[in-house]
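Novice: My request is simple: use the sequences and hints to build the entire structure.
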Amino acid sequence: MKPLHEQLRGVDLHIGRLMGAVSVNLQPIPGEVPVVQVSIEGRDELPIFITRSDTQILCMCYLWCDAEVLPERRHELAQTLLELNPSVPLSAFGRIGDRYVLTGALALDAPAEQVAQDVAVLSDNALDALDALSEFLV
Amino acid sequence: MSVIKKVVTLLRSSVREIGESVVDANATRIYEQEILDAQHSIETARGDLALVMAKEMQSAREIERLKQEVARYEALAVEALDKSHEQLAEDVAAKVAALEDELAEQTKAHAAYAVQVVKLKDLLRAAEQRVREHEREMAIARTTESVYRATQSISENLGQGGSNLLNARQSLERIKRRHEELADRMAATAQLDAECGDAALERKLRDAGIGCSVDRQGAVMARIRARQQATGASPSIE
Numbered sequence: 015m016k017p018l019h020e021q022l023r024g025v026d027l028h029i030g031r032l033m034g035a036v037s038v039n040l041q042p043i044p045g046e047v048p049v050v051q052v053s054i055e056g057r058d059e060l061p062i063f064i065t066r067s068d069t070q071i072l073c074m075c076y077l078w079c080d081a082e083v084l085p086e087r088r089h090e091l092a093q094t095l096l097e098l099n100p101s102v103p104l105s106a107f108g109r110i111g112d113r114y115v116l117t118g119a120l121a122l123d124a125p126a127e128q129v130a131q132d133v134a135v136l137s138d139n140a141l142d143a144l145d146a147l148s149e150f151l152v
Numbered sequence: 508m509s510v511i512k513k514v515v516t517l518l519r520s521s522v523r524e525i526g527e528s529v530v531d532a533n534a535t536r537i538y539e540q541e542i543l544d545a546q547h548s549i550e551t552a553r554g555d556l557a558l559v560m561a562k563e564m565q566s567a568r569e570i571e572r573l574k575q576e577v578a579r580y581e582a583l584a585v586e587a588l589d590k591s592h593e594q595l596a597e598d599v600a601a602k603v604a605a606l607e608d609e610l611a612e613q614t615k616a617h618a619a620y621a622v623q624v625v626k627l628k629d630l631l632r633a634a635e636q637r638v639r640e641h642e643r644e645m646a647i648a649r650t651t652e653s654v655y656r657a658t659q660s661i662s663e664n665l666g667q668g669g670s671n672l673l674n675a676r677q678s679l680e681r682i683k684r685r686h687e688e689l690a691d692r693m694a695a696t697a698q699l700d701a702e703c704g705d706a707a708l709e710r711k712l713r714d715a716g717i718g719c720s721v722d723r724q725g726a727v728m729a730r731i732r733a734r735q736q737a738t739g740a741s742p743s744i745e
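Going down the list, the protein sequences come from chains A and B. Just so we're aligned: 69 in my numbering is position 55 of the first sequence, and the numbers increase by one with no gaps anywhere. Just so we're aligned: 740 in my numbering is position 233 of the second sequence, and the numbers increase by one with no gaps anywhere.
What the hints contain is simulated information worked out from the structure, not anything from laboratory work. Don't take every hint at face value.
[Unchecked claim] If the Cβ cut is set under 7 Å, some of the chain A residues that face chain B in the computed set are: (1) Glu46; (2) Phe63; (3) Thr69.
[Said to hold, decoys possible] Per label pair, the in silico range of CB-to-CB distance: (4) B:Lys626 to A:Gln128: 43 to 49 Å; (5) B:Asp705 to A:Leu27: 31 to 37 Å; (6) A:Met15 to B:Ile537: 22 to 28 Å.
Ideal Cβ placement from N, Cα and C applies to all residues, glycine included.
Specialist: Next up, the structure:
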């Protein structure tokens, strides 16, 4: 199988076009598993990370961590996220360690256009979710 | 133990541990071997099943043939008795008895094949289910590992580079501010255009009655009136 960053060739241009002529930067992250960071102009604080397992391509956006959640509203936030999950197109809320994330999954052989579409939707959803759910954060 | 249960148990432990041990290398090898074995037994069972089903059909045909033969020879024996050929009838009876022996044997074989078909189909179903289950388990385990390892790499990397994975509220405010700035800039540009850009110049020219957007209809009408007065009262155009 091709290295992840090669499989993602052109994804930056597709995302840029999808999101209206913004510049997009792909940056491989060193580590045990392949990870590529996608930075979208104007949303640099909310990067998307793409990784690949043996069975699928995963796009992730880290939203906030445990320490940022108002302790007294933690339970309510969990409930809200579960209830929101079925409604959010193509993305799912989740937790990795102490971080809340929004993830999208694609088939291993998904073409660049599809990955770009997922990243764009994930970024929009993440920004929207952050805005809507910031009342739960410190 | 189901793999989801295992993942749930591991989620209670540290992130580092999860990345390393949802399925350890040894268990992964065992799973992979089991998948291979199950796939192999599926192939063998499929081949065996086809063979046994073919034999089952053959024996069904043979049973049908033997039954017809028995009926035919019995009719012949009756005919021999009718014509008082006692000995011949005895010979035919012996033939019928032999055919019936064969028929009993074929019937037994046919039943055995049917049992074997059921057994092989069960085997096939079980092996296919095992493959599917193991593949699903591996997928869940591997995805969990990937996600946690990727998060580890990302945290370490951003940690070194002065982390921009910090406070969500701050991030949101920065992004929003940038959007507002952009919107303000666009509004300002439009306003500037209105005040001193091309649009403003066009308007000034128009107000002064200069340029292509002056009152063309009025000018044409004035020309027509002038012409009318010059040529007398006739409104017609030559």
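Novice: Each hint needs a verdict: does it hold in this structure or not?
Specialist: Verification of the hints:
This hint holds: A:Glu46 has a C-beta 5 Å from the nearest C-beta of chain B, less than the 7 Å allowed. Hint status for A:Phe63: holds, given a least beta-carbon distance of 6 Å to chain B, under 7 Å. At its closest, the beta carbon of A:Thr69 sits 4 Å from a beta carbon of chain B; the interface hint therefore holds under the 7 Å criterion. Distance hint check for B:Lys626 and A:Gln128: the Cβ-Cβ separation is about 45 Å, which falls inside the suggested range of 43 to 49 Å.
Taking the beta carbon of each, B:Asp705 and A:Leu27 are about 33 Å apart, inside 31 to 37 Å as hinted. Our hint of 22 to 28 Å for A:Met15 and B:Ile537 holds, since their Cβ atoms are close to 24 Å apart.
Of the numbered hints listed earlier, not one is contradicted by the structure.
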